[in-house]
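Just so we're aligned: 42 in the working numbering is position 19 of the sequence shown, and the numbers increase by one with no gaps anywhere.
The hints are simulated quantities; they were obtained by calculation from the structure and are not laboratory data. Glycine residues also receive a C-beta, built at the ideal position from the N, C-alpha and C atoms. Treat the hints loosely; a few may be bogus.
Claimed, not checked - Across the chosen pairs, the derived CB separations fall in these ranges:
#: 1; residue 1: D128; residue 2: S89; range: 40 to 48 Å
#: 2; residue 1: T191; residue 2: S229; range: 39 to 47 Å
#: 3; residue 1: G133; residue 2: G251; range: 43 to 51 Å
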Amino acid sequence: LAGAIGAAANVGFFVAATYSRLMVGYSWRWVIGIGFFIGLSSLPIILFVPEPTKWRLSRAKKERSSLGDLFSREYRRSTIVGSLLSTVALLGTWGSFLWLATYVDQITEGSAHQDSARTIVAQWAAYGQMVGGFLGGLAAGRLGNRRSWLLLCLGAWATVTGLFFFNTHYSGMLLLMGVLAGLFVTGFFGWLPKFLPELYPTRIRSSGQGFSFNIGRVLTGVGVFGAGYLVEVFRGEYRTAAMAVATVYLLGLLVIWFAPDTGGKMHEDRVGAPLTGPVPGLEATAVARPEDDT
24 LAGAIGAAAN VGFFVAATYS RLMVGYSWRW VIGIGFFIGL SSLPIILFVP EPTKWRLSRA
84 KKERSSLGDL FSREYRRSTI VGSLLSTVAL LGTWGSFLWL ATYVDQITEG SAHQDSARTI
144 VAQWAAYGQM VGGFLGGLAA GRLGNRRSWL LLCLGAWATV TGLFFFNTHY SGMLLLMGVL
204 AGLFVTGFFG WLPKFLPELY PTRIRSSGQG FSFNIGRVLT GVGVFGAGYL VEVFRGEYRT
264 AAMAVATVYL LGLLVIWFAP DTGGKMHEDR VGAPLTGPVP GLEATAVARP EDDT
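Construct the entire structure; sequences and hints are all you get.
Structure below.
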């Protein structure tokens with residue numbers, strides 16, 4: 024399921040890249056406007072997707088939570104490490120891999136491919152991204168959180184560095200290596216939806232996962248500004264700046280060793296928290312199951 028969540032977002036990127044490529048000759052308003060209709064299509068989720076059983080049990084017991092709980096002695100380590108892991112994944116993507124489109128603009132300037140190369144590269148990269156998001160969650164389940172993370176970090180660093188180092192011209196090789204890099208880079212976004220929820224009990228799981236991931240976004244925003252500065256330092260060489268930022272994946276090899284060992288299980292399943300059995304106000308059969316933890 025975590026892999027499916029990671030893959031779904033990248034299916035959206037693929038659709039967006041394909042749509043942009045088809046509409047490039049028309050008004051930009053048609054490209055932006057499609058987002059409104061996609062937003063409407065998500066409304067049925069509110070009506071037809073049920074809340075998880077564990078969450079309903081927690082609410083029925085009137086368990087309270089606050090942002091301060093994330094930094095209590097019990098969960099401080101999880102929050103800090105989760106935020107750092109998210110930063111590695113996001114900064115590597117936004118500060119390195121996603122410079123690819125701008126780099127392609129640079130190397131195709133004045134050529135016959137100038138108008139189409141950017142969207143073609145994005146479309147091809149999305150092939151790898153769709154598969155990578157799914158495989159990231161699958162690898163975490165099969166190999167374990169730590170080993171799968173190490174594999175993703177090594178693979179992302181090698182493929183992103185190779186993508187920019189070996190491709191100085193627009194070619195089929197660049198497209199193929201973009202697919203491979205996209206696979207590893209977005210594998211993190213199938214891995215994180217599996218690992219982050221395992222760090223917290225139900226009452227603060229949503230807050231903990233959301234905080235860790237979005238603090239990663241904030242830190243990534245700072246890092247992306249720094250990446251822009253690197254482009255200036257390297258005299259407009261996007262490829263060199265991208266390879267420099269890609270070293271963040273090597274830092275990820277160190278951060279994972281500070282992560283709590285969840286054993287691939289949710290918090291309640293590890294510590295035996297009493298979130299099982301019927302609760303007044305819920306159906307008698309409403310028993311928390313491991314598959315209901317999302």
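Results for each hint:
Taken as a hint, the range 40 to 48 Å holds for the pair D128 and S89, whose Cβ atoms sit roughly 46 Å apart. Distance hint for T191 and S229: a CB-CB separation of about 46 Å, consistent with the stated range 39 to 47 Å. At roughly 24 Å, the beta carbons of G133 and G251 sit outside the given window of 43 to 51 Å.
The structure is inconsistent with hint 3 alone, although it conforms to all the rest.
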